[in-house]
Amino acid sequence: MLGSYAAILAMFGIAAFIAVFVITLSRFLGPQKPTVRKLAPYESGMEPIGEAMTRFPIKFNLVAMSFILFDIEVIFFFPYALVYRDLGVPGLYAMGLFLLVLLVGLVYELKKGALTWD
Amino acid sequence: MGLETKAGDLGVVTTSLETVVNWGRTNAMWPLLFGLACCAIEMMGAQGANYDLSRFGMEINRASPRQADLIIVAGRVSRKMAPVIRRLYDQMSEPKWVIAMGDCASCGGVFNNYAIVQGVDEVIPVDVYVAGCPPRPEALIDGIVQLHKKVERMKLDGTLRDRTPIHV
Amino acid sequence: MTTIDRTLSVPSPKSITAPALAGKTDTMVLNMGPHHPSTHGVLRLVVELDGETVVNVAPDVGFLHTGIEKNMEFKTYQQAVVMTDRTDYLAPLSNNLSYVLAVEKLLACEVPERATVARVLLVELQRISSHLVWLGTHALDLAAMSVFLYGFREREQILDIFEMVSGARMMTSYFRVGGLAYDLPSDFLPTVKALLDIMPGRIDEYEDLLTNNTIWQERTIGIGAIDSAAAIQYGYTGPGLRATGIDWDLRKDMPYCGYETYDFAVPIASNGDIYDRYLVRVAEMRESVKIARQAWQRLKDMGPGAFVTNDRKVAPPPKTEITHSMESLIHHFKLWTEGFKPPRGDAIAAIESPRGELATYIVSDGGPKPYRVHLRTPSFINLQALPHMAKGQLVADLVALIASMDPVLGEVDR
Amino acid sequence: MIDHETLLARLQATFGDAVTSAPAMRSGESVFHVASDRIADVALWLRDDSEFAFTFLENLCGVDYLGRTPRFEVVYHLLSMKHRQRICLKVGVAEAKPHLPTLTGVWQTANYQEREAYDMFGIVFDGHPNPERILMPDDWHGHPQRKDVPLGYEEVAFSINDEQIYARKPFAQE
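Residue numbers (the numbering used here), protein chains in the order written: chain A, 612 to 729; chain B, 7 to 174; chain C, 33 to 446; chain D, 401 to 574.
It is possible that some hints are incorrect.
To be verified - Covered, in the sense of this in silico footprint (three residues per stretch, anywhere, with C-beta under 8 Å from a C-beta of chain C), are these stretches of chain B:
# : region
1 : 30-37
2 : 49-55
3 : 96-109
4 : 132-144
As the list claims (entries may be wrong) - Think about it this way: if two alpha-carbon atoms lie no more than 27 Å apart in a straight line, the pair counts; the simulated DSS-like pairs of lysine-lysine are:
#  : chain 1 : residue 1 : chain 2 : residue 2
5  : B       : K156      : B       : K102
6  : C       : K423      : C       : K56
7  : C       : K322      : C       : K107
8  : C       : K56       : C       : K46
9  : C       : K225      : C       : K332
10 : C       : K401      : D       : K547
11 : D       : K497      : C       : K373
12 : C       : K107      : D       : K482
13 : C       : K107      : C       : K56
14 : C       : K107      : C       : K345
15 : A       : K644      : B       : K155
16 : D       : K547      : D       : K497
17 : C       : K345      : C       : K284
18 : B       : K161      : A       : K644
19 : B       : K155      : B       : K102
20 : C       : K284      : D       : K482
21 : C       : K225      : C       : K284
22 : A       : K670      : B       : K161
23 : A       : K722      : B       : K156
24 : C       : K107      : D       : K497
25 : C       : K351      : C       : K332
26 : C       : K46       : C       : K366
27 : B       : K155      : A       : K722
28 : D       : K482      : C       : K373
29 : B       : K156      : A       : K649
30 : C       : K46       : A       : K723
31 : C       : K332      : C       : K107
32 : A       : K723      : A       : K644
33 : C       : K345      : C       : K366
34 : C       : K107      : C       : K423
35 : C       : K351      : C       : K284
36 : A       : K670      : C       : K322
37 : D       : K482      : C       : K401
38 : A       : K670      : C       : K56
39 : C       : K401      : C       : K345
40 : C       : K322      : C       : K332
Worth flagging that the hints you see were computed from the coordinates, not collected in a lab.
Given the structure is predicted, the values throughout are model-derived calculations rather than measurements.
Quick reminder that beta carbons are idealized off the backbone N, C-alpha and C, glycines included.
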């Protein structure tokens, strides 16, 4: 049992190592000359005025919701698709309940017209 | 560079590393997407199909100064634009070079008046001055090749060996 | 004094940034600054956004102000021709033509027929090359890379003709007061003929790339529209005005340089959005080829002749004449040291440049240097319509909108 | 083509002596001098008059006649698309009080051109929605296109005046 987990752990280890290695490599090899003016935010050539953290318009919550609906929810189907036969009916009820809850979000989006494209 | 300061000047090893790094710097020198006036149109012509600046590794004009190594000041620099150019030059990452393309960027050119900065070297240090109004695409490519020759003799830590600007 | 129609008013950058600094947070103020990939030069736009839609745009110009008008007051009339090249650097010959026509009206001097026909031919070629740069960069802004490379391939051929004629690719200064700077070289006509034969085919290529391209239509149809009444209010001229349905082209309505004798059509469209401006400009390129062909035919029939007025007070005599005639030497000397002195008074000459109506207003006080030159440049005036067109569009469409207005910043800031 | 006399007669009939005739331009356009406080009404009348229909403000620029009183002059070119004709209105502006009513109420195109005339000559247009500089940097002092302002010539760099040039160009040696 442990063997299959070891393979996954090894993969995570190698991935983490490569990521850290590349970042630190450029930190050591690249010339580092940070000056105050260089680190100033790039505002296409002008002096930035006002602060950047302004409130987000509320319209974007629809974008977030459709992301959850069509992306995160679909990911949960993959493991279910592998084991749905031996989970049987109770698995179907669980998945159905999960799906029903998210269906409310879909209906809200349809009513709000966030899915009409042009 | 960091490695060189730590490992000291190893003579043979660093020179060959130096040539490799300088080879990398010269053949992938991405200019900043920065056109001011008439010379910018001639620079676009140089990037067009006939003169093809991408033969010299300048395929992409990076729009943000963080990813650009070279700023081609193509056009006349007005008083209102001078602080903007200084800010853009500062925000570019080391090692960076400047080509002053055209007479207006090199010495104010035809316009010797209140509105034009007489040569961009009042604002930023310039490596290569390309003469012409506007310089032909071949002249710009000659300026770039001169800059490549200059960069090939660069030391590892990004300091240019000879500081004298080249006049093309 | 009628009340100012607020919806049409042109905002200034401070009118947007001031409330934002004072804590108005329902909209976001975005700065598309002087250094921006899609502003076609050093144009700064202060954009007020509500989420993704543009609430208000305030152009901030002046980053390429070169003081050309003031500089021309310190140069003689012949020297100032060099200055005009650099205002609208996509169509230098149109600037020369507008300035030279104004000075010729001041002097009331006659230009030989051959010079006028050559001027029409070269200005129409310049219109094609300017539209090619517009087409290339407009498509580039909407991520159609290949049109840029196709367009510049033809533009190089046109620039070769300008170089053959005047020695310089862009800053030709080829039109002088009284005619042309030099005579047309012998192989000018065959080269132009070769170009004019392939040009319609090449324009078909551009149309195949873009006109029925669904992505192109999706990004341009119905976006950034302006109706003709607002266009008149903003003094909008050129292909943009004709795209709103008003049939106003100076070459047809207030002809100059003999344009009334050429037969060509003025393309107009109906709803003034980005797609219509594209259609009008591409159709204009075809019309320019037609005019150029007629002008080429006339030049061919006319054969060699005078290329500049023989009024020695205005145009320098040919070099061969100086060695054996005393007055020519005096004229030559006087023209190159002091220049000619037009009588007191002012004159205006308006031409149809690729971007719209380009008028040069010159005041002369009788001295060798112009007392005041004002260049009514189309891009500067057309830019005022940008806020009206951009209201309610998405930010991404603002990029297509700027490209469709074809602003040349050298002309905006002078 | 509307000839000068009929236009002058109609204008003087409605505006009295606020409109006076002036010698025509050398390019043939008929010119009228208008009193500075009545320019907005004259322009509006010319725009809305059905017969003349000067619906298009083509050009608006300032001119500095140094040594002449009134020193400044604002030149308007109106265009009638119906008659395909252009006329010119000239308004004298005194140096002491360079004020003029704005035309942005009549045409929006005057907005930028008036800001440019203010920026270059210092002619103030009352009632302008945002009277600010347009071409020069905001902290610029003075109005550069006035006749008494020098062109701003700077010494040209030769080999003989190196130190003077490098004093002005700190980055040239770097």
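(request) Please write out, lowest number first, the hints stated earlier that are contradicted by the structure. (result) 1, 3, 7, 11, 12, 13, 17, 22, 23, 24, 26, 27, 28, 30, 31, 32, 34, 35, 36, 37
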